[in-house]
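Chemist: Residue numbers are given in our numbering: position 157 of the sequence shown equals residue 150, and the series is strictly consecutive.
Source of the hints: derived by calculation from the structure; they are not laboratory data. Because the structure is a prediction, the values reported are computed rather than measured. Among the hints, a few may not be true.
[Stated by the list, open to error] Computed beta-carbon distance windows for the label pairs:
#1 LEU133 with GLY41: 13 to 23 angstroms
#2 GLU29 with ALA86: 20 to 30 angstroms
#3 ARG93 with SER42: 17 to 27 angstroms
#4 VAL83 with PRO55: 12 to 22 angstroms
#5 GLN92 with GLY41: 29 to 39 angstroms
#6 ASP75 with ALA38: 30 to 40 angstroms
#7 ALA86 with SER18: 15 to 25 angstroms
#8 PHE91 with THR138: 25 to 35 angstroms
#9 GLU29 with GLN92: 33 to 43 angstroms
#10 THR138 with HIS34: 15 to 25 angstroms
#11 LEU133 with ARG35: 30 to 40 angstroms
#12 GLY41 with ALA108: 15 to 25 angstroms
#13 GLU17 with VAL76: 24 to 34 angstroms
Cβ atoms here follow ideal geometry from the backbone N, Cα and C, with glycine treated the same way.
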Amino acid sequence: MPAILARLTLALAMLTVAMSSTAESVSSAGFRIEIEDGWVHRIEAASGSDHNWGDLIRIHRPDGPGLLSVRSFAAPRLVDPDVLRNLTNVPSATSLTFQRWGDYEGYQYDYVEGASFYRQWWLANESTVIFITYQCDAELSGLETDAIDRIVRSLNATTP
């Protein structure tokens, strides 16, 4: 009987921890992304004129320095790494590593322009392309990058 009681207590404790999490899943055309605790989001509906673009999702911490913007595009065919590399518009002399982010693969590039730090991703899963940009003051660029990377790695492909 004590073993059953111990297992029941452990199961209840695990359920309580799972229910106390306020992380949220947000979906748009072709993907779902997990928003971490302490972060908020807003969705700007895509214009009705171009059905290939998904809604724009903006994610940030209310007291944080930066903004993460995520938007999908439904390409007419499968997107291969070369096409995706061309979409980056980063000079070909600049080495970019093709890597996996959740269910998506593609390129990530960091740069500073003026007083702003940018981290951009160009990712694809079959014919869904996701464009992601994180922007903050250059002096504060290291404060949220780990959390931002976790959020981007949470990408799951869905049926558009």
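Chemist: Looking at the structure, which of the earlier hints fail to hold?
Modeler: Going through the list in order, the structure violates hints 1, 2, 3, 4, 7, 8, 9, 11 and 12 and respects the others.
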